[in-house]
Amino acid sequence: MSSAIKLDSLVNSLVESAAPTELPYVSKDLSILLSGSNSSTVVDSIEEFVNEKAAVFSSAYIASKHNKDSSSSKYIDFISKKKFNIDINTQRAIDFEPFSPLVEYPEYYNDLVEKLGQYGEDHYPSTFVFTVVPKSSDEVEIIIIGQRLNHENFFTGQWKSIYTISNTSISGEVSLDIHYYEDGNVRLNFNKAVKENLSSANASAIINAINDLENKITMQIVENFNDLNQKYFKNLRRLLPVTRSKINWGSAIGNYRLGSDVVHKK
Amino acid sequence: MSYDDKFDSSLDLLRRLDPRTISANLNSVCSLIQNGSDDNEEVVQDLLSSVDTPLQVRKCVQSGKSYLCCDYNRDGDSYRSPWSNKYYPSPNGDDDIPPPYPSDLLRQLELKANDSFDVYRDLYYEGSGISSVYLWDSAEDDEPDSLTDGFAGVVLFKKETDDGSGKWDSIHVFEVVPVSANSFSYKLTSTVILDLQNKQTSSLSLSGNLTRQLETSATAELDSGLNLETNHLIQLGQLVEKSEYNIRNLLQEVYFDKLKDIMLKDLRSVGEISDKKLEDLRQSEMIKGLQSL
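Line by line, the protein sequences are chains R and V.
The first sequence lines up with residues 1 to 266 when you count with UniProt numbering.
The second sequence lines up with residues 1 to 293 when you count with UniProt numbering.
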């Protein structure tokens with residue numbers, strides 16, 4: 001029993017640090033390491049990841065705890081009023097069936113769905129998927145995921161925004177995760193909590209607020225990039241010594257020591 | 001599952017997980033493998049020696065200086081200091097097999113290499129950081145002539161900014177192989193682990209590692225008054241210097257150009273995509289403007 005718990009927690013800790021765009025590979029590798037004997041451990045752990053962080057299936061549907069059906073293993077697409085299962089290894093949404101939600105949709109719901117679609121076309125160059133989960137007549141949750149899987153060129157990335165619109169307030173979290181792994185493994189991580197007031201509770205006001213928030217965040221990240229480059233990377237290891245020439249190796253290398261007072265004064 | 005399946009899957013898994021937690025991830029993967037069966041010990045040992053993790057720092061009691069630790073100066077839980085040639089903590093006395101040391105001739109070169117790369121560290125790492133060089137004999141003779149018959153080694157550098165926002169570890173593993181009389185090939189595999197995040201100003205974190213290989217061959221110019229030892233030092237020094245220069249440029253490109261391009265061009269565009277060409281121009285000018293601040 002205790003070794004099963006230990007196994008679960010090892011698998012969970014590994015899956016937790018996975019790039020969200022690499023889940024099928026992580027699942028396959030872990031299954032091989034566990035010799036297939038504990039495949040349910042891997043599936044459970046990846047489903048937990050999907051529920052907590054949200055993921056895209058069939059390049060068109062989002063699965064997450066926000067749209068999980070409480071009475072089955074399925075996820076709800078409130079826009080098309082259908083329920084579906086997910087296949088982790090093929091990244092596909094399967095077993096669709098019609099579904100009649102009991103929750104009341106806000107009046108602006110259909111307009112919001114249409115405008116979000118247009119917003120995605122305008123600002124998300126690769127795969128763009130969103131869903132809107134109605135919570136009551138004046139509250140919805142919006143999940144937006146923009147992602148690019150380019151394994152041929154060894155990179156994948158995901159932009160994810162999760163918002164709660166309640167009356168005239170918008171709050172939530174925006175996160176960015178990029179993975180580059182040609183002869184190495186480099187990861188960008190960013191996340192930021194946001195909160196704003198809307199000019200009014202309608203689809204246009206919501207889209208405008210989201211666009212402003214996301215533009216500001218993009219600009220902030222660009223600034224942060226420059227900050228890390230100039231303040232931290234540049235002098236961590238110099239491109240060349242202060243002398244601007246490469247080192248004269250050999251027995252005379254000790255001469256640099258004699259001149260090191262000069263070197264440090266720059 | 002075979003050795004190859006486990007080893008390859010482990011490496012593939014590790015490069016799809018967060019590189020910031022590479023040490024913890026490596027331990028978890030090893031535990032998973034050991035959990036499977038006892039005869040997986042070989043996979044675990046090979047993973048530990050082939051996956052690069054941030055270098056540990058230890059203190060050499062005799063010299064009072066800090067030194068860097070990796071699989072190549074390790075014996076059990078003890079690590080050999082390049083300054084005193086002693087293992088810390090002292091290896092268990094009840095073991096009949098003494099820990100490995102380089103041959104006397106190679107130890108002389110190791111001392112000089114540590115001196116030279118310490119000067120290099122001073123010049124390139126702005127006077128801070130730690131360096132360590134470890135060499136080992138390729139031949140298994142009792143008294144090998146490694147300067148002539150070949151040897152291998154590792155050059156290590158580690159530096160952190162004072163506030164911990166920038167962390168650099170570089171690991172250069174090399175092999176020196178004779179190709180003909182007084183002519184040698186030098187093969188180098190370099191990995192740099194770079195971690196950047198300023199927690200005070202933003203949650204943006206850029207973290208990871210890149211590995212590249214570089215090779216050269218040279219004939220020792222013994223008639224110009226240089227001995228074989230100095231020839232090796234010059235070749236290795238130039239090779240490590242060149243490789244680190246290349247990787248530093250590559251890190252600049254990947255961390256600051258590639259990742260930013262993926263964000264702006266593949267994930268979310270600030271301007272509307274329909275006027276993309278115009279927007280690209282505006283964006284690149286805006287970025288240029290920010291960079292010149």
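Keep in mind the hints are simulated off the structure, nothing from the lab.
Where is the CB? At the ideal position from N, CA and C, for every residue including glycine.
A couple of the hints might just be wrong.
Unchecked claim - Covered stretches of chain V (chain R as the covering partner; in silico rule of three or more C-beta atoms under 8 Å from a C-beta of chain R):
id : stretch
1  : 2-15
2  : 76-86
3  : 105-111
4  : 142-152
5  : 173-183
6  : 209-222
What the hints assert, rightly or not - Straight-line Cα separation of at most 25 Å, DSS-like style, residue types lysine-lysine; simulated pairs:
id : chain 1 : residue 1 : chain 2 : residue 2
7  : R       : Lys231    : V       : Lys187
8  : V       : Lys265    : R       : Lys246
9  : R       : Lys234    : V       : Lys112
10 : V       : Lys86     : R       : Lys231
11 : R       : Lys53     : R       : Lys216
12 : R       : Lys216    : V       : Lys288
13 : V       : Lys199    : R       : Lys246
14 : V       : Lys260    : R       : Lys246
15 : V       : Lys265    : R       : Lys53
16 : R       : Lys53     : V       : Lys199
17 : R       : Lys192    : V       : Lys159
Structure-based check of each hint:
1. 2-15: Holds: 8 residues of the stretch 2-15 of chain V have a Cβ under 8 Å from chain R.
2. 76-86: violated (count 0)
3. 105-111: Contact hint for the stretch 105-111 of chain V vs chain R: violated, 0 residues under 8 Å.
4. 142-152: violated (count 0)
5. 173-183: violated (count 0)
6. 209-222: holds (count 4)
7. R:Lys231 / V:Lys187: 34 Å, violated
8. V:Lys265 / R:Lys246: Distance ~37 Å between V:Lys265 and R:Lys246 Cα, so the pair is violated.
9. R:Lys234 / V:Lys112: 29 Å, violated
10. V:Lys86 / R:Lys231: With Cα atoms ~38 Å apart, V:Lys86 and R:Lys231 exceed 25 Å; violated.
11. R:Lys53 / R:Lys216: 23 Å, holds
12. R:Lys216 / V:Lys288: OK: R:Lys216 and V:Lys288 at ~17 Å, within 25 Å.
13. V:Lys199 / R:Lys246: 34 Å, violated
14. V:Lys260 / R:Lys246: The given pair, whose Cα atoms are some 31 Å apart, is violated under the 25 Å limit.
15. V:Lys265 / R:Lys53: With Cα atoms ~23 Å apart, V:Lys265 and R:Lys53 stay inside 25 Å; holds.
16. R:Lys53 / V:Lys199: 22 Å, holds
17. R:Lys192 / V:Lys159: 29 Å, violated
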